[in-house]
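Novice: These protein sequence lines are chains D and Z, in that order. The working numbering numbers the first residue of the first sequence as 1 and each following residue consecutively. The working numbering numbers the first residue of the second sequence as 1 and each following residue consecutively.
In short, the hints are calculated from the structure, not lab data. Treat the hints with caution; some may be incorrect.
To be verified - Pairwise CB distance ranges (calculated):
(1) Z:Q135 - D:L34: 39 to 45 Å
(2) D:L294 - Z:N110: 16 to 22 Å
(3) Z:L173 - D:I67: 55 to 61 Å
(4) Z:I179 - D:A206: 50 to 56 Å
(5) D:W214 - Z:T168: 43 to 49 Å
(6) D:Q152 - Z:L13: 27 to 33 Å
(7) Z:I261 - D:I159: 36 to 42 Å
(8) Z:R171 - D:P79: 33 to 39 Å
(9) D:I159 - Z:L15: 23 to 29 Å
(10) D:W31 - Z:Q135: 24 to 30 Å
(11) Z:T142 - D:W31: 23 to 29 Å
(12) Z:V26 - D:I67: 30 to 36 Å
(13) D:Q113 - Z:F265: 25 to 31 Å
(14) Z:T142 - D:S197: 41 to 47 Å
To be verified - Take a look, some chain D residues computed to stay more than 12 Å from chain Z by CB distance:
(15) F66
(16) G68
(17) P168
Glycine residues also receive a C-beta, built at the ideal position from the N, C-alpha and C atoms.
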Amino acid sequence: MATTTVTRSAETRSSAPSAGRVRAKSPYPTWFYLPAAVIYGVLFIVPTLIAFYFSLTRWSIFDSKFIGFGNYVTFFKEPALVTSLWHTLIYAVVTSGLKVVLGLLLAVLLTSQIVARGYLRSVVFFPVLVSTIGVGLTFTVLMNPEKGLINQSLSVIGIQGPGWLTDPSYALLSVALVDVWKGVGLATLIYIAGIVSIPQEYFEAARVDGAGAWDNFRHIVLPLARPATVTVITLSLIGGLRSFDLIWAMTRGGPGFTSDVIASVIYKQYQAGFYGLSTAGNVVLFVVVTAIVLPLSRFLNRKEVEL
Amino acid sequence: MTVLQSRRPRKNLLLSFVAIVLSVIVFLVPFAFVLLTAIKDQQQASLLDFSWPHQFRLVQNFIDVVQARDYMLIIAFINSTILTVASVTLMVVFGAMVAFVLQRRKSRWNGLVNALVLAGLIIPPAVVPTIWVLQKIGLFRTMPGLILVEVAFGLAFVILLFRAFIGTIPRELDEAAIIDGAGPMRLFFRVILPLLKPVIITSVVVQSVFVFNDFTNPLYFLPGDQNATVQLTLYNFSSQYSTQYNLLFMNILLITIPPLIMYLFFNRQIVAGMTAGAIKG
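Bound-form chain D, shown alone:
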């Protein structure tokens, strides 16, 4: 139908340099992809692909030498590096689990009839926009074992707080908690959007049937907020697995290697000049992220369709 007009417009503009070929006459030209494709291809796709090659080399500033799977052997033999893999998984699962639970509870609270709803929504959300490094340094001070505000307050009510960031068994979890503090606002917001989009008729029908608050939550909000749950889980898993700046700002992977994650190992190996090993870490991270996120999001989304 539109063919004739398209042909005419192309004819009148035949002096334009790009109008040479017949296929280029579409009003939606393929070359619109070009600027984005060049930048994305050169600075994202190419590095991602050549990472697989460079991870198999001993690589310094000057040259690289093919050494097969040596870097991966090193990575999985060195206890400090293997534990970073587990730390990454723990960190991602803890942060996304807490964000789902707290985000959902906060969203239910902030969509219910309470005073100062606007204030509460803003105050929960604002940390999302604040610099991660700023948040990290602030909480490093607040979590100081002797002088920090958290342990000072706990000692007032007679609890002796742990050395949040100095005790090897707490450091990783403390950072994860701060991550939740900073990120729960986004989860809450996504859940609020999901809950608000639930048609009011369901709640009215439930009230006629005599349902209480718990029934509403269990049988209406929870199942119908499922797309929001999928988004929150996917987003926070991706973020948690890649997480670097908060950990770097708070513990630098310490004490020892007890809060090292893959992303901080990548940086440390890069700083030390082991580029091949650093890149191998990157490939491991790539595999971990895709192996977890892709099947999970496919599974979660398929279930949604069956409902």
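Starting from the structure of chain D, add chain Z where the hints point.
Specialist: Quick look at chain Z alone, frame taken from chain D:
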């Protein structure tokens, strides 16, 4: 009687009270701590306690932070502004162009492009190989290099936002413009782009906050004091032996102001951008 009561929603006062108290303790106290420490003198700030300042050194601390290390903060603010403005402009224009063609034209490329967009959201960037590529094209340790890196990493999210929005603009509009003799460039930049204003604002605001707060990419791709962006200035005041906490927190305060302003003015757009896809999944 009871029916009337339950129909008019009553505010739950006890729950509200608990929520407000908890929000103050959990969320406001850390911010108040930053604010109070930022105006203390160095000696009192080093106590790290939550107390009222003996002396108000707001102006003095501000001057000290700005002057530290040869006005590094000023240079960093200029660098961050250039980085944010340039990279967000490019990623929004290029992303919108991709989303436009992707949404309008069904071709064999669509599957591939969609897969690449998804990959951009999920895959963690390979750090050292990116540095290698930047070195090969002569852009490592340069501002244009970092700008292009931010564009490359941010494109996927922008394309996703735009594609959904362009779907709501009727095709008849394109056809009318084409009949009036508009070419692709004119159609896109004069007809379509102005209609995308809401989603442009959303993506500009959200991506500006992301790029401005970015720490990792400047750390890797633009090292060096002269090139510092604001996030890296936070390490100016801590050394191994002593940290000037009052100046550190003044610095944190100063670099929080731009996102705060963004939030005050574009609250609704930020919320819209960040929750996009929450309902559709």
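Novice: Hint by hint, say whether it matches the structure.
Specialist: To see whether the hints hold, each was checked on the structure:
1. Z:Q135 - D:L34: 39 to 45 Å: violated (24 Å)
2. D:L294 - Z:N110: 16 to 22 Å: Cβ of L294 of chain D to Cβ of N110 of chain Z: about 20 Å, so the range 16 to 22 Å holds.
3. Z:L173 - D:I67: 55 to 61 Å: holds (58 Å)
4. Z:I179 - D:A206: 50 to 56 Å: For A206 of chain D against I179 of chain Z, whose Cβ atoms are near 52 Å apart, the range 50 to 56 Å holds.
5. D:W214 - Z:T168: 43 to 49 Å: For T168 of chain Z against W214 of chain D, whose Cβ atoms are near 38 Å apart, the range 43 to 49 Å is violated.
6. D:Q152 - Z:L13: 27 to 33 Å: Holds, at about 31 Å.
7. Z:I261 - D:I159: 36 to 42 Å: holds (39 Å)
8. Z:R171 - D:P79: 33 to 39 Å: violated (60 Å)
9. D:I159 - Z:L15: 23 to 29 Å: holds (26 Å)
10. D:W31 - Z:Q135: 24 to 30 Å: holds (29 Å)
11. Z:T142 - D:W31: 23 to 29 Å: Holds, at about 27 Å.
12. Z:V26 - D:I67: 30 to 36 Å: About 50 Å separates the Cβ atoms of V26 of chain Z and I67 of chain D, which means 30 to 36 Å is violated.
13. D:Q113 - Z:F265: 25 to 31 Å: Holds - the Cβ-Cβ distance for Q113 of chain D and F265 of chain Z, about 29 Å, lies within 25 to 31 Å.
14. Z:T142 - D:S197: 41 to 47 Å: With Cβ atoms ~45 Å apart, the hint holds.
15. F66: The claim stands: F66 of chain D keeps its Cβ more than 12 Å from every Cβ of chain Z (closest is about 15 Å).
16. G68: G68 of chain D clear of chain Z: closest Cβ-Cβ about 18 Å, beyond 12 Å.
17. P168: At roughly 21 Å from the nearest Cβ of chain Z, P168 of chain D sits farther out than 12 Å, so the non-interface label holds.
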